[in-house]
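If you read the protein sequences in the order shown, they are chains A and B. The working numbering numbers the first residue of the first sequence as 768 and each following residue consecutively. The working numbering numbers the first residue of the second sequence as 768 and each following residue consecutively.
Incorrect hints may have been included.
Any copy, or any two copies together, can satisfy a pair, since identical chains are not distinguished.
Stated by the list, open to error - No more than 20 Å apart at the CA atoms, straight line, and that leaves these computed lysine to aspartate or glutamate pairs for EDC-like:
#, residue 1, residue 2
1, K1078, D877
2, K1059, E842
3, K1078, D819
4, K874, E991
5, K939, E900
Simulated from the structure, these hints should not be mistaken for laboratory data.
Protein chains: 2
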Amino acid sequence: MFNFTVTDPEPGGGQARCGMLTTPHGTIRTPAFVPVGTKGSIKGLWPEQVRDSGAEIILANTYHLCQRPGAELIEQLGGLHTFMGWDGPILTDSGGYQVFSLAELNKITDEGVTFRSHMDGQYVHLDPASAIEIQNHLGADIIMAFDQCPPGHADRSEVTRAVERTVRWAQKCREAHRRSEQALFAIVQGGVFHELRQACARQLIAMDFPGYAVGGLSVGEPHEQMVEVLTELVPTLPADRPRYLMGVGKPRDLLAAVRVGIDLFDCVLPTRHGRNACAFTATGTLKLRNEKYRRQSGPLEPGCPCPVCQKFSRGYLRHLFGVREMLGPILVSLHNLWFFQRFMARLRDLIPSGDWATMRAEFPIAGGTGIGNDNMDRGGLCE
Amino acid sequence: MFNFTVTDPEPGGGQARCGMLTTPHGTIRTPAFVPVGTKGSIKGLWPEQVRDSGAEIILANTYHLCQRPGAELIEQLGGLHTFMGWDGPILTDSGGYQVFSLAELNKITDEGVTFRSHMDGQYVHLDPASAIEIQNHLGADIIMAFDQCPPGHADRSEVTRAVERTVRWAQKCREAHRRSEQALFAIVQGGVFHELRQACARQLIAMDFPGYAVGGLSVGEPHEQMVEVLTELVPTLPADRPRYLMGVGKPRDLLAAVRVGIDLFDCVLPTRHGRNACAFTATGTLKLRNEKYRRQSGPLEPGCPCPVCQKFSRGYLRHLFGVREMLGPILVSLHNLWFFQRFMARLRDLIPSGDWATMRAEFPIAGGTGIGNDNMDRGGLCE
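Could you build all of it, start to finish, from the sequences and the hints given here?
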């Protein structure tokens, strides 16, 4: 029920590849961008609209869903696919990232993590077995091992300890996993330390997971450093397994990561920016609150085939944000999802020829001069 | 370009009627319910979704739009239809109701009203000529005369003065109106005083408007009193002109008003209640925040053909409100619009036979025992 095939490798020794990832709920063309439905919905959008944007898989967050409404309730209501009204493939993360970034940590041991819920202040324990049990209840097509994601500024000894735990926990996750139709991916940690990344990858590869993720990047390090880590690490991951870069990213991150062999990405950027009146276009982002858009009757992006650009002017969209109408965030979120899917589709078109110059020409935003200029970093926005 | 035809009068001397109202942007089957797009969008919904719910005409508020983004800007961006992405008929109100209910009034004279904007505190003057000029800029199919709507508790002398002004202003509106393709409706005021209503109607009828609205009801008076006023007033309005009851209402108000001969209604109820987790069904309203819906896997209303009931469970909808996901208000607003349109369609089905017993049997909510029990009055909610 789970299968990954590389269909078109980049010619001339490049690392990029096109593939097909088959899951019980459908096949995903890779490289693929996975929209994020943190609490069981892609914010403001109908599943059908997400599908029409070109998305073939979505992500939901275990940490949030297990706090509300609870994984067992979701199972009783028919599982995550039925609950959300999305009949395509779903990926759930393990909760590890949110535990270490959102929760007020109480105690981390080799056994697991105790934390105070950011929701109701209750103490909650999460460990490899319970993280997998929760994901078995949710029923996604791809589930993730429970890892320890150290903060971006962590030193070598802290990252070493996180890698050791991540490896040990990966083994426990395998043992706890009860539903063979769900593919369990391992997560490689190791921060920006190459030897730690290599050591982590080597041990996880020995356990033979059906897919490998790279965690702990895009946590504040510069783009160049992220690319450096990926360039060394990704080619050492099994070529016949899907490779997933978690929580990334901006168009130029996606382009760079695809070029070193990444197949899957998830990120809140299109919807979060959309809610904040920031629209993606091939040449850069538009901040719609800017006065200059007030009288503009044209679409967000000329030539964009999305339903927003077919119908609404920049002037109207700016007005919606000006008067705080819900439809503003809705429309720009959808446009942004279309943009990200269009970007990935074009990457898939060009991988078989390895024509990166065309990609950069069509999407200046990915060439390092676009999105970098808008000064919006993840921390300045809310989701 | 503007025409109204009564196609099916209620048999046996009843006052209800089915009709066809033709405007430059399309024909509306009456009795019709007009969803409200206060600031240029039906909150949270795409125009296409509103259309698919069965709506054939929508309303936008002159008062809000002339403050932001401004009527001239909307005209520059192609007029209200293009601006909102709605190519069907549109009705704009005159701003009178909002000036008298929302704004901090500064001075009312026989010439017009000066008020401080609720938005930026600026002084704004509105009078019959400017209210029509603004509506001419917006370009709706049906526009409304600038009236004085007295508060629900106003005494006879205050209402008398409002009626005198409303009549005088109606004449000025006719004179100011510049776009013949827009039908200008007059508004009958007079509070709960029958002679004042009759006097107001008589003078407005003498001016020969293409349609007549009833204003100043549903402003706090009991249902029975509203019906009493309508029962005396509506049959005196020209039978060959559309009759529009402004700002109404709940299902049983709609049923009662249709029975005395009203053809058009507008109300924020479906969307406002939808945003507040309150769903309409034939048997009453559901408050989705209630714990009892947590584990319910069925739809909001069994048998409802709307896209929400086709796909999502009560448990999921409750969850969305619990975690404050935008999709909750979106989905319940759309279900409610479908409910109101389904209600009107069934009324249109049954008018030719005058079978009110069937209507009440199919919609207990309109029989006086449903919506009346939910204790949600307009004042307790925000739009």
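A quick look at each hint next to the structure:
Neither within a single protomer nor between protomers do K1078 and D877 lie at most 20 Å apart by alpha-carbon distance, with minima of 55 Å and 43 Å respectively. Taking identical chains as interchangeable, the C-alpha atoms of K1059 and E842 lie at most 20 Å apart only when they sit on different chains, with a minimum of 18 Å there against 49 Å within one chain. When the C-alpha separation of K1078 and D819 is checked against a cutoff of 20 Å, the pair qualifies both within a copy, at 16 Å, and between copies, at 17 Å. Taking identical chains as interchangeable, the C-alpha atoms of K874 and E991 are never at most 20 Å apart, the minima being 34 Å within one chain and 64 Å between chains.
Within a single copy, K939 and E900 get their C-alpha atoms as close as 12 Å, which meets the 20 Å cut-off; across copies the closest is 73 Å, which misses it.
The structure is inconsistent with the numbered hints 1 and 4, although it conforms to all the rest.
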